[in-house]
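K.L.:
Use the sequences and the hints to build the structure in full.
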Amino acid sequence: GEDVEQSLFLSVREGDSSVINCTYTDSSSTYLYWYKQEPGAGLQLLTYIFSNMDMKQDQRLTVLLNKKDKHLSLRIADTQTGDSAIYFCAEPALSGGYQKVTFGIGTKLQVIP
Amino acid sequence: EAGVAQSPRYKIIEKRQSVAFWCNPISGHATLYWYQQILGQGPKLLIQFQNNGVVDDSQLPKDRFSAERLKGVDSTLKIQPAKLEDSAVYLCASTELAFGEQYFGPGTRLTVT
Chain A
1 GEDVEQSLFL
11 SVREGDSSVI
21 NCTYTDSSST
31 YLYWYKQEPG
41 AGLQLLTYIF
51 SNMDMKQDQR
61 LTVLLNKKDK
71 HLSLRIADTQ
81 TGDSAIYFCA
91 EPALSGGYQK
101 VTFGIGTKLQ
111 VIP
Chain B
1 EAGVAQSPRY
11 KIIEKRQSVA
21 FWCNPISGHA
31 TLYWYQQILG
41 QGPKLLIQFQ
51 NNGVVDDSQL
61 PKDRFSAERL
71 KGVDSTLKIQ
81 PAKLEDSAVY
91 LCASTELAFG
101 EQYFGPGTRL
111 TVT
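Protein sequence lines, in the order shown, are assigned to chains A and B.
Numbering-wise (this note's numbering), the first sequence opens with residue 1 and increments by one.
Numbering-wise (this note's numbering), the second sequence opens with residue 1 and increments by one.
Since the hints were made in silico from the structure, they are not lab data.
Please note that a few of the clues may not be correct.
[Claimed, not checked] Dumping the calculated SDA-like pairs for lysine to any residue here, alpha-carbon to alpha-carbon at most 25 Å: (1) A:100 - B:51; (2) B:83 - B:109; (3) A:36 - B:8; (4) A:36 - B:30.
P.N.:
The following block contains the structure:
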C-alpha cells in the first residue's frame, strides 16, 4: 500500500528559508499535494505538483520532485511567523475511479521571530 | 462560497458512551470523506461517499463506527460505544468530483475519558 514519510519537526528563524521533505511509495500518482494545517483548523491545500514536472514555483513556495528517488520537497522562502503550522505531504491514488489520499505524519514548522 | 461545516467543534464523553458528529459539505460537492486524525499523526481515511453511496469504508471499525449520507448532502458519523483510543480530531472533507482538491472542515475534537 501507499506510505508517505516526513520528518516531524523543523525550526527556522524568521526571514530564513524552510525546506520540508517527504518520501512516497506509489510511483503511479499523477500529482502530489502539500497541505497546511494551522492550530485548531482543518487542512488547506497549499500547492501541488504534477508527476511529469520537476519543479513548481508559486510566489514564496518552491516544490521539487525527484521521481527516481520518490522524494518531494517544499521550500518556503523568507519564512514568516504566519507560516508556523503543520505541513502534510499527500499522495493521491486512483482506485476504481475514486481518489484515495494518503497523508504523511506532518512536519511541524516553528518560526522563531 | 461557504466552506465545509462541522459540529460540534468539541466533545468530551466517557468511555462506552455514544457520540455523533455532523458534516455539511460544500454545496454541489459529490464526494465526502471522514478522516480520523490522532494527535501527532496525519489524517486517516475512515469512510468515503460518492453522493449517498459508500465507495470506501475499508478502514472504518464497523463494530463501533457507522456513517451515513442521506440524500447525498449532509453526513453523520457515529461512535457507539466509544473507547479511549477514539480520542482524536474527526475531519470532514469534500471534493466536487471523485478526485481533486479536498476542502476540509475545522474538525471535531473528541476526548474520551
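K.L.:
Quick one, are residue 83 of chain B and residue 109 of chain B close enough, alpha carbons at most 25 Å?
P.N.:
holds (14 Å)
K.L.:
Please verify whether residue 36 of chain A and residue 8 of chain B have alpha carbons no more than 25 Å apart.
P.N.:
Holds. Residue 36 of chain A to residue 8 of chain B sits at ~22 Å (cutoff 25 Å).
K.L.:
Check the hint pairing residue 36 of chain A with residue 30 of chain B against an upper bound of 25 Å on the C-alpha distance.
P.N.:
holds (23 Å)
K.L.:
Could you grab the alpha-carbon distance between residue 100 of chain A and residue 51 of chain B and see if it respects the 25 Å cut-off?
P.N.:
The given pair, whose Cα atoms are some 16 Å apart, holds under the 25 Å limit.
Hint violations for this structure: none, all hints satisfied.
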